[in-house]
Amino acid sequence: MADLALIARIPSVASAVLGDLAGGFYDAIREGDGESVASVAAFVSSALAGAGEELGLGALHRVGIAGEKRALAVVVLGNSVVIARIEPAASLAAVERALDAAVGTGG
Amino acid sequence: MDPILQSLMDLAGVTAVLVFDSAGQLLGHRGHTVYDQGLCEQVSGALAKALDAVQLQQEDWETVTAHFADGKLVLRRVIANGQTHVLTVVADATLNPSFATVAIRVAAGKLKRVLEGGPASSGVGTGSSAARAGSSSSPAPSESRPNLANSGLSWSKISNVGLSRVSVADPASGAFLARCAKELAQHVGPIAKVYVEEAVRRVSPETPFSMAVARALIDDLGAQIEDAADRTQFQKALAKA
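Keeping their order, the protein sequence lines are chains A and B. Those letters in the first sequence? Residues -1 to 105, by this note's numbering. Those letters in the second sequence? Residues 967 to 1207, by this note's numbering.
Hints are computed from structural coordinates only; laboratory data are not their basis. Where a beta carbon is used, it is the ideal one built from N, C-alpha and C, also for glycine. One or more of the hints may lead you astray.
Once the Cα atoms are required to be at most 27 Å apart in a straight line, the calculated BS3-like pairs of lysine-lysine come out as [said to hold, decoys possible]:
no., chain 1, residue 1, chain 2, residue 2
1, B, K1078, A, K67
2, A, K67, B, K1148
3, B, K1015, A, K67
4, B, K1202, A, K67
5, B, K1202, B, K1148
Derived DEER-like restraints, expressed as beta-carbon distance ranges [to be verified]:
no., chain 1, residue 1, chain 2, residue 2, range
6, B, R1167, A, G54, 35 to 41 Å
7, A, K67, B, A1205, 24 to 30 Å
8, A, S78, B, A989, 30 to 36 Å
9, A, G56, B, N1047, 34 to 40 Å
Just need the whole structure built from these sequences, with the hints factored in.
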């Protein structure tokens, strides 16, 4: 299980949510609607994982969603999903590296 | 459209390129033999649904990058005539992310022009699709370069990819942009030029870039550098300009 408090302390992480691939919601830090975030992230992760499987890309590790001003990073850890909202969007790559270090993935 | 897709297929590590609309309808694809039309149509539908959900949380999404055990999926939003289209690159683990980011950005710009009914660039995206089908030619880097002859802006020593149009007020301003890209490249790599172009559009959206907004540009670009010491070094180097 990921340490959400540790993730929320990563610079540029505005909020963090922990859920699972079924859309379940476990915890949130600085996120007002963690349930919605968790359910959307679960759906996106499942859909992308399915597409990746069709394309022979193997297991889904991580998703980065970049917008003009903010970004989202979704890390899949087994059945769990960690979602970090990132501001500014330019910090996405740095946060993804920090997330990999925090949750022990190399994706 | 085919030359644009083929230009992405020419990148090391890219195994397939797809374009689909917001409903998931496949508009074009290129790929290795295993990525046939049926598979691409199926994947397009699944990805469109995923992007519908992304839209709920991140309405202004521009790029989605999915990292898998054996490769990557990069989805780039292309808005043409008010409609969302998606340029999707399927790649294995050998893909160079920095180079791919630039190439996809350039391809997305060309695709937008094609989808809007105009030419992608000189010699690209014109004529019937039948005439284009099967063509594996990709534009030479020089074909996608903006005309900077009167701007004093020279990119030739920085990189030869990832260019889009920027306008400058005078040669000195152009030279300053070139210097910004060169300095920034030392910290962020080959994507520096793209960052400079985007920063110019932010700090001077309505008028050609001029030295009057140079300070704002330096501050904007500094935000792209994560390391504080590097950022200071970058700002100091440009303050001398």
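Status of the hints after comparison with the structure:
1. B:K1078 / A:K67: Roughly 22 Å between the alpha carbons, so the hint for K1078 (chain B) and K67 (chain A) holds.
2. A:K67 / B:K1148: Distance ~25 Å between K67 (chain A) and K1148 (chain B) Cα, so the pair holds.
3. B:K1015 / A:K67: Given that 27 Å is the threshold and the Cα spacing comes to 23 Å, the pair holds.
4. B:K1202 / A:K67: holds (26 Å)
5. B:K1202 / B:K1148: holds (14 Å)
6. B:R1167 / A:G54: 35 to 41 Å: holds (38 Å)
7. A:K67 / B:A1205: 24 to 30 Å: Given a distance of about 27 Å, which is inside 24 to 30 Å, the answer is holds.
8. A:S78 / B:A989: 30 to 36 Å: Because 32 Å falls inside the window, the suggested range holds.
9. A:G56 / B:N1047: 34 to 40 Å: holds (37 Å)
Every hint from the earlier list agrees with this structure, and none is contradicted.
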